Amino acid sequence: MLDSSFYTKTDEILSKYPAQERSLIPIIHEIQETYNYVPIELLPYIAKHIGITETKAYSVASFYERFSFEPKGKFIIRVCDGTACHVRQSLPVLERLRSELGLSDKKHTTDDMLFTVETVSCLGACSLAPALMVNEHVHPAMTPDKATELLKELREEASKS
Amino acid sequence: MGIMKIDGYPVEFTDEPNILSVIRKAGIDLPTLCYHSELSIYGACRLCNVEDDKGRMFASCSERPRDGMSIKTSTPRLVRYRRMLIELMLASHYRDCTTCVKSGDCVLQNIAHRLGVNSVPWGYRERRYEKDFSSPSIVRDPDKCILCGDCVRVCEGIQGINAIDFAHRGTDAMVIPAFNKHIAETNCVNCGQCRVVCPTGAISINTNIRPVWEALADPNVKVFAQVAPAVRVAAGQGFGGVRGENVMGKIVAALHRLGFDEVYDTTFGADMTILEESKEFLEVFKKGGPFPLLTSCCPAWVKFCETRWPEFVPNISTSYSPIQMLGSIAREYYADPAHNQGKKVLSVGIMPCTAKKAEILREDLKRDGKQNIDYVLTTQEMITMIKRAGIRFDDLEGEAADMPFGMGSGGGVIFGNSGGVMEAALRSLCEGSDRAEIENLRNSGVRGPGPLREFIFKYKGNEIKAAVVSGLAEADALLRRIKNGESFYHFVEVMACRRGCIMGGGQPAHGGFRTKEARKHGLYESDINTQIKKSNENPTALAIYDTLIKGREHELLHSHRH
Ligand code: SF4
Ligand code: SF4
Ligand code: SF4
Ligand code: FES
Ligand code: FES
Numbered sequence: 255m256l257d258s259s260f261y262t263k264t265d266e267i268l269s270k271y272p273a274q275e276r277s278l279i280p281i282i283h284e285i286q287e288t289y290n291y292v293p294i295e296l297l298p299y300i301a302k303h304i305g306i307t308e309t310k311a312y313s314v315a316s317f318y319e320r321f322s323f324e325p326k327g328k329f330i331i332r333v334c335d336g337t338a339c340h341v342r343q344s345l346p347v348l349e350r351l352r353s354e355l356g357l358s359d360k361k362h363t364t365d366d367m368l369f370t371v372e373t374v375s376c377l378g379a380c381s382l383a384p385a386l387m388v389n390e391h392v393h394p395a396m397t398p399d400k401a402t403e404l405l406k407e408l409r410e411e412a413s414k415s
Numbered sequence: 084m085g086i087m088k089i090d091g092y093p094v095e096f097t098d099e100p101n102i103l104s105v106i107r108k109a110g111i112d113l114p115t116l117c118y119h120s121e122l123s124i125y126g127a128c129r130l131c132n133v134e135d136d137k138g139r140m141f142a143s144c145s146e147r148p149r150d151g152m153s154i155k156t157s158t159p160r161l162v163r164y165r166r167m168l169i170e171l172m173l174a175s176h177y178r179d180c181t182t183c184v185k186s187g188d189c190v191l192q193n194i195a196h197r198l199g200v201n202s203v204p205w206g207y208r209e210r211r212y213e214k215d216f217s218s219p220s221i222v223r224d225p226d227k228c229i230l231c232g233d234c235v236r237v238c239e240g241i242q243g244i245n246a247i248d249f250a251h252r253g254t255d256a257m258v259i260p261a262f263n264k265h266i267a268e269t270n271c272v273n274c275g276q277c278r279v280v281c282p283t284g285a286i287s288i289n290t291n292i293r294p295v296w297e298a299l300a301d302p303n304v305k306v307f308a309q310v311a312p313a314v315r316v317a318a319g320q321g322f323g324g325v326r327g328e329n330v331m332g333k334i335v336a337a338l339h340r341l342g343f344d345e346v347y348d349t350t351f352g353a354d355m356t357i358l359e360e361s362k363e364f365l366e367v368f369k370k371g372g373p374f375p376l377l378t379s380c381c382p383a384w385v386k387f388c389e390t391r392w393p394e395f396v397p398n399i400s401t402s403y404s405p406i407q408m409l410g411s412i413a414r415e416y417y418a419d420p421a422h423n424q425g426k427k428v429l430s431v432g433i434m435p436c437t438a439k440k441a442e443i444l445r446e447d448l449k450r451d452g453k454q455n456i457d458y459v460l461t462t463q464e465m466i467t468m469i470k471r472a473g474i475r476f477d478d479l480e481g482e483a484a485d486m487p488f489g490m491g492s493g494g495g496v497i498f499g500n501s502g503g504v505m506e507a508a509l510r511s512l513c514e515g516s517d518r519a520e521i522e523n524l525r526n527s528g529v530r531g532p533g534p535l536r537e538f539i540f541k542y543k544g545n546e547i548k549a550a551v552v553s554g555l556a557e558a559d560a561l562l563r564r565i566k567n568g569e570s571f572y573h574f575v576e577v578m579a580c581r582r583g584c585i586m587g588g589g590q591p592a593h594g595g596f597r598t599k600e601a602r603k604h605g606l607y608e609s610d611i612n613t614q615i616k617k618s619n620e621n622p623t624a625l626a627i628y629d630t631l632i633k634g635r636e637h638e639l640l641h642s643h644r645h
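Line by line, the protein sequences give chains A and B.
For this note's numbering, count along the first sequence from 1 and bump the result up by 254.
For this note's numbering, count along the second sequence from 1 and bump the result up by 83.
Isolated chain B (complex conformation):
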């Protein structure tokens, strides 16, 4: 608590962890290249430097605010210093901005522009390293790396993976996997969180835009899309829209305009996941184990469990993730000539997630050797396509998703939030449609801040001990406690990305605290505005049990992982 002066104006601070946060709160957007509020402080880029009244320069991200302090953020000396830092960075940067994937969305480029760096006195650097296309999810381009270390800290600190790290020194210094292996040969789980924090084009999404666009142009191919819950509260950001606003209607319209024959809602798939997973849970619960049942929706988590905690793999639910549910059921639907009209059918998932690009390739999710989904495009790729086609997103009139897979419950919509899968599953166990009971569950602790939440749900006189965790380092610690007998749960939801899929690796980047909160509330609000709250009351989902998938639930809706 206290008051400090920033550029002559008094600013109050409370629990801000560093001066940089106070400066930003005061409405001044200091440029930074190595500060993310949820990562450890690294203090490498020095762009956030400020001056105190004695003329001392220091990094504002690395110091606590003190009462009575007075600092300046933009003296001529600071401005010169910042410009020089960027010039030095650019001198050793492979600057092919016009053809760089990150152009226009690049933090380095933006800062250089803002600071008026219009020339670099020290010449030009040629390409030195090959790009790494080995992963279906992310592309590494080390020539674009400015060694800020953000990816290293998120991969190691938040995800507990450490697939990439600094190597070598001096002018040879790089951020690479051990032994300069391809990223696909490491323990990388494809979460794409490194790509979200990377300020440059050094880590980007491995894009599948081209084949999808070719199919859209082909009159002999019927192309359908499904749109995941988290996409709708983030896509607007790509068009300068309001943070966290649900723009599903416009997305559907834009996709129709791009040539998608049908646009479905993955929320339907989420309801199917809940129907199957809650059945599974009740079976395990009645049998008395093995506990905990672990959720299966997040492919980055599943891969993490397989590589780090193989002993827990049998605890993972076999129910398909929502995208697979819809993909598998739609495959069945389009096998009928009445629906495919003699055309080839292409199934596309629009996802907030880079790991889904890897999930669709998994052997245990194929049927008759064929994938359930042909391509996954991330939210970011969808935004790129809409822009490339010149469609004015803002001007679109919203459209409803197509039937029969265009309708989902409120439970399905909140899947995109950490805690959403658990809440939807437990909501389906609530008796009837009693609002009070749904309300109780909402306030049970399943929602809320923090990467780990533990709570108890009362079910027919029994207590269900549940936990919700996001971020794999946190999940790792949780599994260790379970293994050591320090913690016990019946049911655990794990999502690899902190806060869940709303902050997935394929979402528009540059999401600060307010963006995160806005996306979360956007989904909870969509739930409020949905009439059907419970997955097990979705009429289309219930109907297909008697028709399309009758007697084939296990074949069509479950992984044969184990």
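Next comes chain A alone, as it looks inside the complex:
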């Protein structure tokens, strides 16, 4: 169960858009921006408001990669496992990150909600392989040790703010 603040916020977002099917994507987008994820419980609520079925809302929301139904950490680390990165040893980097953070291919986010580790198929930075992204920022030519170093820096950054 979500607490009522979620619904208050959602009402606020809903009020900005006409109650019709076309508003679905902008609404979900704004929810994603607000919470860094789309609380799945809100979908039936939104669907009802704009007059579509919850099945449609789920269909659309689950289609777009940029919408996530899981809460994500403050730092979203996307490790590239595209062909270029893969042949230049991206997997050891991924494994190091996961083992340091206690994550796996099932568990993507640390309990303190600081880190989310995901893989992507190509970041479009193949000349910098193996590459990863932290939020919007690309980190080139990664190694497992550089990954450990990166986590340390991010932790420090977090403790400062």
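Bear in mind the hints are in silico, worked out from the structure with no lab data behind them.
Careful, some of the hints might be misleading.
Some chain B residues well away from chain A (every beta-carbon gap over 12 Å; in silico) [to be verified]:
id, residue
1, R129
2, R166
3, K214
4, D215
5, H251
6, A256
7, A261
8, F262
9, N263
10, D478
11, E480
12, G481
13, E520
14, G595
15, L625
Under the rule of at most 25 Å between Cα atoms (straight-line distance), these lysine-lysine pairs were calculated in the BS3-like manner [what the hints assert, rightly or not]:
id, chain 1, residue 1, chain 2, residue 2
16, B, K548, B, K566
17, A, K302, B, K566
18, B, K566, A, K361
19, A, K310, B, K548
20, B, K566, A, K360
21, A, K360, B, K264
Quick list of the computed label-pair ranges, beta carbon to beta carbon [claimed, not checked]:
id, chain 1, residue 1, chain 2, residue 2, range
22, B, G199, A, P394, 31 to 39 Å
23, B, P373, A, S269, 37 to 45 Å
24, B, G199, A, Y261, 30 to 38 Å
25, B, S157, A, P394, 47 to 55 Å
26, B, S157, A, E354, 57 to 65 Å
27, A, S269, B, A127, 46 to 54 Å
28, B, P373, A, Y261, 35 to 43 Å
What you are looking at is a predicted structure, and each value in this text was computed from that prediction instead of being measured.
Each residue gets a CB set at the ideal place from its N, CA and C atoms; glycine is no exception.
Keeping the supplied structure of chain A fixed, place chain B with the ligands upon it in accordance with the hints.
Relative to chain A, chain B with the ligands alone:
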């Protein structure tokens, strides 16, 4: 209007909506996996691709025929292309054909076979998802889904339900209920129309064959069946018979052979429904409302009304559906030791309908906590049983249904058609057995094409405004108009399945336009061949009012829904 060339032969076209229909009219059966004439065009499978004289390839289902056009349907390039499409589909398909429920009746399998796909160059896919057995009516097996979208379009477009839809993307793409819920937790009304259009085993009937077969083998159980009207004009298809032919005699013989002690005719139950429902209607009509009275025979419709239009639930007739009528009365009959011979009695309904599997479980249709019918088997399941037992259906001599519940009127038989319940009800209001009057009613507009028909019936100097609707999206729109005051009717018949139960979710699949028409005419013809036309002239139905159910009509023949 115009003439086009197909593989070098001139073919005339008139109002065909797309080139694919013209090709099929010309006698060429192009394979397709996503085309159904009554659904919106999706253009996903690309199997229907053809080439024009410039070598341009395009989907024939998505383009209009034009005069002077020249196309080829089977160039080596097209054949290669189609084969590759199927290979790709099979590469990501969980291919356990030998143990798949759909094997032998599967469109994907048939097409692969026809195109000569004898190997798949890209390995094999393992099972990834669990089957969903939550619904009493349908089973979902997402590993078999090829994402053609047919079920989504029928569920959303024709039924207005949208219980299932595409979700996720890329290799994770699936057709599932919202949030990957079980189908039973959604607003699914169990109509089974998704199963009818599904080309693969991804949606199938939740079968009850096993417990019935066990009971048939048990000498201490007396098993009786009742066979619904629509079953008789579709079952023959399962044995390669003539479309729409009434094979009731053979069905009765086959069921006897399978070990059913008695085989009754649900047409009798339909007559009982008419007797009660027309009484109900006259009461409402005299009282001046509440209008419209809505029919109660279709459980998918009843569930739809309950979930989407609760304010109209009090308008639904409380009269039992035909299967419940016969089930309830037979229960009374078999309570007598003279009839049960000290044995346990098992009541089985043979139905065109997957939703009946859910109806028999409803609380408001139980008496003393017990169901009126123990199991529902669909037409398709009955065909499977007959085949499994090795009975040669074609060679059977027809037999008559058993008494006392083996006889029904023509009105009862046409129940399986959209409009049939309404026609039977109004026919029972016709004075006497005047043929002319019955004929007038037949031509009043109650029959005919289209999912919605409105007409007026003259009754003792009054006008009864009636409507017949099939397909729940159409029914939804109708109820909205009634609610907004844009339309007014005294009496409305609703069936969830387009064209009625003849196209129910438990019927043999792959029914095109000609099959639909043939089933419809099959029932109307059976009416013509029945001597007793009116439900209220069925002598056995009338007799039980003075015997079996005397003074207990309300308890035995009506739902306590409200
Ligand atoms: S049974 Fe009917 S309502 Fe349920 S998913 Fe299938 S088409 Fe939709
Ligand atoms: S479940 Fe069947 S009808 Fe629906 S998309 Fe999959 S294959 Fe097509
Ligand atoms: S129209 Fe007939 S077959 Fe279809 S769901 Fe209703 S009762 Fe069943
Ligand atoms: S493969 Fe990693 S950035 Fe392209
Ligand atoms: S039938 Fe034309 S694309 Fe599938």
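(message) Please list, smallest to largest, the hint numbers that this structure does not respect.
(response) Violated hints (numbers, rising): 5, 6, 7, 8, 9, 18, 19, 20, 22, 24 and 27; every other hint is consistent with the structure.
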